[in-house]
Amino acid sequence: MTGQYETVIGLEVHIELATKTKIFCGCSTEFGGAPNIHTCPVCTGMPGALPVLNKKVVEYAVALGIATNCRITQVCRFDRKNYFYPDNPQNYQISQLYLPIARNGCVEIETPSGTKKIRIHEMHMEEDAGKLVHNEWDDTSLVDYNRSGVPLVEIVSEPDMRSADEVIAYLEKLRMIAQYLGVSDCKLQEGSMRADVNLSVRRAGTEEFGTRTEMKNLNSFKAIAHAIEGERMRQIELLEAGKEVVQETRRWDDNKEHSYAMRSKEDARDYRYFPEPDLVPVVISDQWISEIKARQPELRPEKIERYTREFDIPRYDAELLTESWKIADIFEKTVQLCGKPKKVSNWMMGEMFRLMKEKGKEPEELDFSPEHLAKLIELSDQGAISSSVAKKVFEHIFAENADPEKYVEEQGLMSVSDEGALREAVEKVIAQNPRAVADYKGGRQKAFGAIMGQSMRALKGKADPAAVTKIIREMLDAQQ
Amino acid sequence: MANKISDETIEYVGILAKLKLSEEEKEAAKADMEKMLDYIDILNELDTSGVEPMSHVFPVNNVFREDVVTNGDGRESALANAPKRREDSFEVPRTIG
Amino acid sequence: MEILKLTALELSAKIKAGEIKVKDAVKAALDRIKEAEPAVNSFVTIDEAGAYRQAEIIQEEIDAGRMTGLLAGVPAAVKDNLCMDGILTTCSSRILSGFRPAYTAQAVENLQKAGVVILGKTNMDEFAMGSTTETSCYGPAKNPHNTGHVPGGSSGGSCAAVAAGECFGALGSDTGGSIRQPGSFCGVVGLKPTYGTVSRYGLIAYGSSLDQIGPVTRDVSDCAAFLEAIASHDPKDSTSVERPDYHFTGALVDDVKGLRIGIPKDYMGEGLDPEVRQAVMEAAAVLKKRGAAVEMADLGLVRYAIPAYYTIAAAEASSNLERFDGVKYGYRAEDYDGLHDMYKKTRSEGFGPEVKRRILLGSFVLSSGYYDAYYLKALRTKALIKKEFDKAFEKYDLLLGPTAPTVAPKLGESLGDPLKMYLGDIYTISVNLAGLPGMTVPVGKNREGLPIGMQLIGKPFDEKTLIRAAYTYECATEKQYEEVVLDINTAAKEAE
Chain A
1 MTGQYETVIG LEVHIELATK TKIFCGCSTE FGGAPNIHTC PVCTGMPGAL PVLNKKVVEY
61 AVALGIATNC RITQVCRFDR KNYFYPDNPQ NYQISQLYLP IARNGCVEIE TPSGTKKIRI
121 HEMHMEEDAG KLVHNEWDDT SLVDYNRSGV PLVEIVSEPD MRSADEVIAY LEKLRMIAQY
181 LGVSDCKLQE GSMRADVNLS VRRAGTEEFG TRTEMKNLNS FKAIAHAIEG ERMRQIELLE
241 AGKEVVQETR RWDDNKEHSY AMRSKEDARD YRYFPEPDLV PVVISDQWIS EIKARQPELR
301 PEKIERYTRE FDIPRYDAEL LTESWKIADI FEKTVQLCGK PKKVSNWMMG EMFRLMKEKG
361 KEPEELDFSP EHLAKLIELS DQGAISSSVA KKVFEHIFAE NADPEKYVEE QGLMSVSDEG
421 ALREAVEKVI AQNPRAVADY KGGRQKAFGA IMGQSMRALK GKADPAAVTK IIREMLDAQQ
Chain B
1 MANKISDETI EYVGILAKLK LSEEEKEAAK ADMEKMLDYI DILNELDTSG VEPMSHVFPV
61 NNVFREDVVT NGDGRESALA NAPKRREDSF EVPRTIG
Chain C
1 MEILKLTALE LSAKIKAGEI KVKDAVKAAL DRIKEAEPAV NSFVTIDEAG AYRQAEIIQE
61 EIDAGRMTGL LAGVPAAVKD NLCMDGILTT CSSRILSGFR PAYTAQAVEN LQKAGVVILG
121 KTNMDEFAMG STTETSCYGP AKNPHNTGHV PGGSSGGSCA AVAAGECFGA LGSDTGGSIR
181 QPGSFCGVVG LKPTYGTVSR YGLIAYGSSL DQIGPVTRDV SDCAAFLEAI ASHDPKDSTS
241 VERPDYHFTG ALVDDVKGLR IGIPKDYMGE GLDPEVRQAV MEAAAVLKKR GAAVEMADLG
301 LVRYAIPAYY TIAAAEASSN LERFDGVKYG YRAEDYDGLH DMYKKTRSEG FGPEVKRRIL
361 LGSFVLSSGY YDAYYLKALR TKALIKKEFD KAFEKYDLLL GPTAPTVAPK LGESLGDPLK
421 MYLGDIYTIS VNLAGLPGMT VPVGKNREGL PIGMQLIGKP FDEKTLIRAA YTYECATEKQ
481 YEEVVLDINT AAKEAE
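Residue numbers (my numbering), protein chains in the order written: chain A, 1 to 480; chain B, 1 to 97; chain C, 1 to 496.
Calculated from the structure, these hints are not laboratory results.
There could be a bad hint or two in this list.
[What the hints assert, rightly or not] Simulated restraints, written as ranges between beta carbons of each label pair:
{"id": "1", "chain 1": "A", "residue 1": "F209", "chain 2": "C", "residue 2": "Y371", "range": "18 to 28 angstroms"}
{"id": "2", "chain 1": "A", "residue 1": "E136", "chain 2": "C", "residue 2": "A49", "range": "39 to 49 angstroms"}
{"id": "3", "chain 1": "C", "residue 1": "D255", "chain 2": "B", "residue 2": "G72", "range": "46 to 56 angstroms"}
{"id": "4", "chain 1": "A", "residue 1": "F31", "chain 2": "C", "residue 2": "D341", "range": "32 to 42 angstroms"}
{"id": "5", "chain 1": "C", "residue 1": "K479", "chain 2": "B", "residue 2": "G72", "range": "44 to 54 angstroms"}
{"id": "6", "chain 1": "B", "residue 1": "D38", "chain 2": "A", "residue 2": "E6", "range": "47 to 57 angstroms"}
{"id": "7", "chain 1": "C", "residue 1": "D341", "chain 2": "B", "residue 2": "K4", "range": "23 to 33 angstroms"}
{"id": "8", "chain 1": "A", "residue 1": "A268", "chain 2": "B", "residue 2": "A2", "range": "44 to 54 angstroms"}
{"id": "9", "chain 1": "B", "residue 1": "K26", "chain 2": "A", "residue 2": "E136", "range": "30 to 40 angstroms"}
{"id": "10", "chain 1": "A", "residue 1": "K293", "chain 2": "C", "residue 2": "D245", "range": "36 to 46 angstroms"}
{"id": "11", "chain 1": "C", "residue 1": "G86", "chain 2": "A", "residue 2": "F353", "range": "17 to 27 angstroms"}
Think of the CB as a built atom: it goes at the ideal place given N, C-alpha and C, for glycine as much as any other residue.
Generate the whole structure from the sequences, applying the supplied hints.
What follows is the structure, encoded as structure tokens:
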């Protein structure tokens, strides 16, 4: 029955811009901190306070607009969106309705049936709201305005997506663009990227759209996928039962895996937009646009080209290393520190991807420093640690950003490179294992392995195996 | 043209404006608004087709600030006037059910 | 008392000459306030301790020769919609009860830097909405010329305070005539600068695209000096304009030869009190005699200014006043059932009837389905009105007319018919829509002794021509500031 229906999805994606200060005042945008610490009269809606636009916000928004093939609105303007809610200190949000910063763009996503274009209807700048913490036990909520006034860009797509997979591919694409541009870190778990999903269903083959609902409160790809599936089924069931879908806003509760209507008589959804009289129009000249373009950092296709050319690494590796801006960033920084692109690539393609898969870590969650990986490569190249030790150390770099030098020292993992010490250890093993020695001399190669193993054990694995092999052979040959 | 403001309209505007009106106030508000709207309707005598709505009288554009942190800890100033404060936050009736 | 008879400039000159101490000037003003307040009720907050503290610091600065400005040492007052760090600021509204901002309005800060002592906050119509100062939660201010009459509004407290000699100058705000109309009713000089000239930072907004702060003073010279002190380009106000010239006292020149002055016909017609008409025409004749070319002029669309204004101002006000919700500051209702009930009770109990009326109208004209028909229509009308002024200013250097159609009405006569009250703003309102500078100058009194004001309207950023014409008029008529002889005892008794 569900196969007869097609799902139609459009997205409103909010991206928090990575500016140092808020959109309309000089308060820090730093995440965390005590409640209301990053506030001033402007972002707490004090009477008489006035907004002044952060220039960086415009530049970041224009960069996003260009990168998503939008047309930049060269005379754009802010409007007030009026609604009462305690996280919104003025009870209006400064946003853009009539002349948003960018319009008519698109991005391409990869789907099993090939490349697909998702159109962007418009993109606008606005201010974020504060945070509400609810107290179950005494029916109160606490308001923290630290996030109030943090700059956001809202990207409104056309209803071009047909499945949760497409939605996630689209979000990943936007995230990659924003991260590459350096305009946002797009951390879903910290709320710096959020999506509202507009979804309707229609019988396959029909042209007309069904009635859509809007789902809010989606802050992970998993939640988005669940919410889409849940809402799709709910709408199909309604239609199958001969009922109608009601146009409404629904809140997705990922714990209960269920959405519920946010209906309230007090929630009229009549925002009474009008031009913000406290701000003047933003005029974006051709010259300014070209300046922003010129400053635009290298995007993925250029990076792949450069990696293969400059670093001489396989195209496949370059593609994987650039799939996330974060990984490319770690790669480049590490290469810059140690100057060994191939070795860095090997570590990341091998151990890092393995551990990410094993631990279920997203690229954005990687928090080890390139300095540590560079040092590890140095230590290993110098022969100061064995390759097995290096792998073990990397696990600690990956997990807790351990400093490899310190770690190796503290754990006593430094290779024994003193020839005398090696000889001493091997001599002992040979003396204690006459049987194995005899076997070896009798032509049984396998016996060599036993001596080797015991020697390495005696050296606690901190020796270069090649060096140990050489010494064992020398000693055994000398005995003959 | 005489404007007529219905009970529903005044109720609705009360929701938008977050004002609670007694029956008496509602009647007065309806009458006031009808009278004002009738008066405002004289603007319809003017042909404004092709006229750009003017929000700012002077052509001032592109007023920006640089992206530099200028404000420090604003907690005490922000909370000093709060009708209800709990620790470092403003306290309000619970917002969701 | 000798001190109280001086203008601000005269007083400051004597202070700088060492003839008068700042604290004595402050004391004279505060004594006068104590005496006059029961009758005029022009102050809502008096900061006596703060005034003496400022006086001491300013005296030191003057004595050390570090403070030499035109207004150094002058005691003044500011309207209660201007924020002052640590000082109760309420807009004469219950909803802001107890509110003490942690910041000072830029215009007030500029005054303080110029060495002006701030005595306190003046009474006003609640949130500057009204033309009589009767919508104040502190009770009405009264006209010092006759306490049975209103002082006008919304800056009625500032104008009454200056007229009653309680201070040597004051700041008001003007959204549709709120400095000029009460200035006219109280017989003082008042000026609304070109939009963008004085920073709005710290002015609690009514209609953001129309609001300007301006001076209320005893004479034209003081007016120029106060304007010079408060005007500045402020990076905190995006609509603040950087002007090449802030030297307004430079325009205090007794000469209007060759100045082209137009009297809009539509300002002198139906609805204008004959005594007001006569006084204004006489004033125009004075300027003509001094060499100005004065003639009747065409200015179109006068009757559309009020409906356009009330649509725009109410719309902006409905949004500007949303922040008063019982969450962050001011009043919160005692008992409520949940969030939205808290909002509604707080706002219904906190705002007075006139404010609610405008909030409702503003919310309506912006609501879905009406925005184009009302709000956009008003913005288009505004564009046409601006054009009419542009046309008139091709022919004239300034426009002259009455400030208000009548003298001050009696207390209690206006609020019953709001629309009629709004019509009293007919000559002042279009000036705000077009962002122009406008000034009121006293030009005599009617038979009952109530003052009449003449309004001068200038080109954008051309306050200097207004000041020059007003100064020339003042010189020609030898008008000097005259302390209002207020029968305080009688009036104070009446007040009880």
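Here is what the structure says about each hint:
As the Cβ distance of F209 of chain A to Y371 of chain C is approximately 26 angstroms, the hint placing it in 18 to 28 angstroms holds. Separated by about 47 angstroms at the C-beta atoms, E136 of chain A and A49 of chain C satisfy the suggested range of 39 to 49 angstroms. Hint check: D255 of chain C to G72 of chain B, Cβ distance near 52 angstroms, so the stated range 46 to 56 angstroms holds. At about 34 angstroms, the CB distance of F31 of chain A to D341 of chain C agrees with the hint of 32 to 42 angstroms.
Taking 44 to 54 angstroms as the suggested C-beta distance range, the pair K479 of chain C and G72 of chain B conforms, at roughly 51 angstroms. Separated by about 51 angstroms at the C-beta atoms, D38 of chain B and E6 of chain A satisfy the suggested range of 47 to 57 angstroms. Checking the proposed 23 to 33 angstroms range against D341 of chain C and K4 of chain B shows it holds: the Cβ atoms sit about 29 angstroms from each other. Remark: the range hint 44 to 54 angstroms for A268 of chain A to A2 of chain B is contradicted by a beta-carbon distance near 26 angstroms.
The hinted range of 30 to 40 angstroms is satisfied by K26 of chain B and E136 of chain A, whose Cβ atoms lie roughly 37 angstroms apart. At roughly 40 angstroms, the beta carbons of K293 of chain A and D245 of chain C sit within the given window of 36 to 46 angstroms. Between G86 of chain C and F353 of chain A the Cβ separation comes to about 60 angstroms, which falls outside the hinted range of 17 to 27 angstroms.
The structure does not agree with the numbered hints 8 and 11 stated previously, though it agrees with the rest.
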